Amino acid sequence: MSGSYPKPKLVPVPSTNIIPDRDADKSPILECRNLGIDFGGLSAVSDFNMAIGRTEIAGLIGPNGAGKTTVFNLLTKVYQPTRGTIMLDGKDTHSMTTAQVNRAGIARTFQNIRLFSNLSVEDNVKVGLHNQMRYGTISGILRLPGYWKEERVARERALELLSIFDMQDLASHQAGSLPYGAQRRLEIVRALASNPSLLLLDEPAAGMNPSETAELMNNIRKIRDTFHIAIMLIEHDMNLVMGVCEGICVLNFGKVIAKGTPEEIQANPAVVEAYLGKQKEA
Amino acid sequence: MEFLSYLITGISLGSIYAIIALGYTMVYGIAKMLNFAHGDVIMVGGYVAFYATSFASSSLLGEDPTTAATALATVGSVLLAMVVCTVLGIVIEGLAYRPLRQAGSLAVLITAIGVSYFLQNAVQLLFGAAPKNFTPVVSGQLQLLGGRLRISYVALLTVAVCIVIMVGLTTFIGKSKMGKAMRACSEDRGAAQLMGINVNSTISMTFAIGSALAAVAGVLLCSYSPVLQPTTGSMPGIKAFTAAVFGGIGSIPGAFLGGLLLGIIESMAQAYISTQLSNAILFAVLIVVLLVKPSGLLGKYMPEKV
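Top to bottom, those sequences are chains E and G. Position 220, counted from 1, in the first sequence is what our numbering calls 220; the numbers after and before it change by one each time, with no gaps. Position 110, counted from 1, in the second sequence is what our numbering calls 1110; the numbers after and before it change by one each time, with no gaps.
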């Protein structure tokens, strides 16, 4: 399946950004221009420029505390940026709330799992489907025909989404009772349920063993190929990042220090220095 | 036989507490705040129903109204009370609590007490402090066992309404999309927002439902003890809050169970121990239960996340 996308060459877009060449004739799904946020006097992220193509799998890496999750929080409007603009599918998200950004097309998972753990697996997915269900509260109280129709459609859709990860048999289980790996997969399914055009994964491989990570890599590609969406991930597992990402952006101390394909990033001296420290002069 | 009739009184009184407690528990579960103005919304509901009924009987219905016309007027005034209280609940939430969403829980609590006094005084200013004589929505009683056991129709109606509300609310919260949004907000407001759920409108909806139930409770309460004055809502409000805590605040079946038990305890204490001491006994039982099970009967113990 991943064969459908040959290894891309990154091409520049009108701003100071690069995206895979196959997405070049379409505008980027996401474009950040000079994005920045200060906490008190501390600048957590500054001059963040990045574009993501419509079907790109992009990586955001950097040492601990580099500001990666802060970038995700800016993109989802958990934080309001101090400077710069975020263009989502050509629309400025400046005046949007977190919920509106989700409806406009960004869904995410969390570094530490944040499922609705007392709800069933199916209901977790249905929360993601919330805005696609079209019936009012009155109809929900009185159980008018619209309620039954929409709830049936939602149930089918939820099971279909769960089947991506072969989890449809777990639908009635309580989300909090699932094993760790299944909880991580459920978070991805829940995010996909809100029908995003850009999926943000915050350390999807955290706590996974090598075989689970390999499976996750396949699943990330599978999601992109099935839903034709862009995926941006934060990850510390370099095998996963280098194996699955097409474009990578490296952050250190809140600033972008390198951008490019996995090969370019691996060869970049600034990246090596950020991770391993400066090499001593011999 | 005496015992049975006290038990029935207790159950019907408890049903009223349960309906009020549902309002406290839903708001606490979803908005994480104690809405101490809830009791006064009940009182407002009572006043609206009172004035609507007297308006209907003085201007709409003729000299000798049919039973159907009277019933229609009663249902109409209850519905009007529900609509007014729903709007009132949404307005209170929007004006008084929403601006404090990021503030500490103490600030919201004090605001709620302020709203409570505001409502009492506003009603006193508008309608006067003199008690009104509320006409019960239904009258008469059922005689069983050759007249030895008498059950008022108000008591039967109260229990029936409470069961309908309980079942309806449980399925609404459990099965509808707004219910799922409410549970999602209750568990993790941030994650719910990131899933595209509008937290503000979800909380508004919670207040709307709680306040509509308060109107129903107001009408039932005033039918049970037909004296209506600006402070009518305070004591039942406090007791229903106690019932919610007793059953496990945040839990809907807990509010139901807590309300019923509280009503029964109160009725039994009044019958067999002392009318004057009944409230003291009630709260003493509460203290003992909370000492043994701090999270309430059906509540879950949630350790604070650090």
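Everything labelled a hint here was simulated from the structure, so no lab data went into it. Nothing here was measured: the structure is a model prediction, and the numbers come from that model. Don't be surprised by glycine CBs; every beta carbon is placed ideally from N, CA and C. Treat the hints with care, as some may be off.
Stated by the list, open to error - Pairs of lysine to any residue, SDA-like flavour, derived with a Cα cap of 20 Å:
| hint | chain 1 | residue 1 | chain 2 | residue 2 |
| --- | --- | --- | --- | --- |
| 1 | G | K1300 | E | Q174 |
| 2 | E | K7 | E | R54 |
| 3 | G | K1175 | E | K255 |
| 4 | G | K1175 | E | Y147 |
| 5 | E | K255 | E | H228 |
| 6 | G | K1175 | E | H94 |
| 7 | G | K1032 | E | K7 |
| 8 | G | K1300 | E | I138 |
| 9 | G | K1175 | E | R54 |
To be verified - Pulled from the structure, derived: some chain E residues nowhere near chain G, Cβ distances all over 10 Å:
| hint | residue |
| --- | --- |
| 10 | R33 |
| 11 | T76 |
| 12 | N102 |
| 13 | G128 |
| 14 | G140 |
| 15 | I141 |
| 16 | E151 |
| 17 | R190 |
| 18 | D237 |
| 19 | T261 |
Results for each hint:
1. Distance restraint check for K1300/G and Q174/E: the Cα-Cα separation of roughly 15 Å lies within the 20 Å cut-off, and the hinted pair is therefore satisfied.
2. With a C-alpha separation of about 15 Å, the suggested pairing of K7/E with R54/E holds against the 20 Å cut-off.
3. The straight-line distance between the Cα atoms of K1175/G and K255/E is roughly 46 Å, outside the 20 Å bound, and the hint therefore fails.
4. Distance hint between K1175/G and Y147/E is fulfilled; the C-alpha atoms sit about 10 Å from each other, no more than 20 Å.
5. Note on K255/E and H228/E: the hinted pairing is violated, with a Cα-Cα distance of about 30 Å set against a maximum of 20 Å.
6. Proximity of K1175/G to H94/E is assessed by CA-CA distance (about 35 Å); at most 20 Å being required, the pair is judged violated.
7. Between K1032/G and K7/E the alpha-carbon distance is near 50 Å, which puts this suggested pair outside the 20 Å criterion.
8. Restraint check for K1300/G and I138/E: the C-alpha separation of about 30 Å exceeds 20 Å, so the hint is violated.
9. Using a Cα cut-off of 20 Å, the hinted pair K1175/G and R54/E is violated, with the two alpha carbons roughly 36 Å apart.
10. Non-interface call for R33/E relative to chain G: holds, since the shortest CB-CB distance, roughly 23 Å, exceeds 10 Å.
11. For T76/E, the non-interface assignment is contradicted: its Cβ lies about 6 Å from the closest Cβ of chain G, within the 10 Å cut-off.
12. With a closest Cβ-Cβ approach of about 4 Å to chain G, N102/E is found to fall inside the 10 Å limit, against its non-interface label.
13. Remark: the non-interface label on G128/E conflicts with the geometry, its nearest Cβ contact in chain G lying 5 Å away (cut-off 10 Å).
14. Here G140/E does not stay apart from chain G, with its beta-carbon only about 3 Å from theirs, under the 10 Å limit.
15. The non-interface label for I141/E is inconsistent with chain G: the shortest C-beta to C-beta separation is roughly 5 Å, within 10 Å.
16. The Cβ of E151/E sits about 7 Å from the closest Cβ of chain G, inside the 10 Å cut-off, so the non-interface label is violated.
17. A beta-carbon of chain G is positioned within 10 Å of the beta-carbon of R190/E; the least distance is around 7 Å.
18. Every CB of chain G is more than 10 Å from the CB of D237/E (nearest about 24 Å), matching its label as outside the interface.
19. With a cut of 10 Å on Cβ distances, T261/E stays outside the contact zone with chain G, its closest approach being about 30 Å.
Of the numbered hints given earlier, the model fails hints 3, 5, 6, 7, 8, 9, 11, 12, 13, 14, 15, 16, 17; all others are met.
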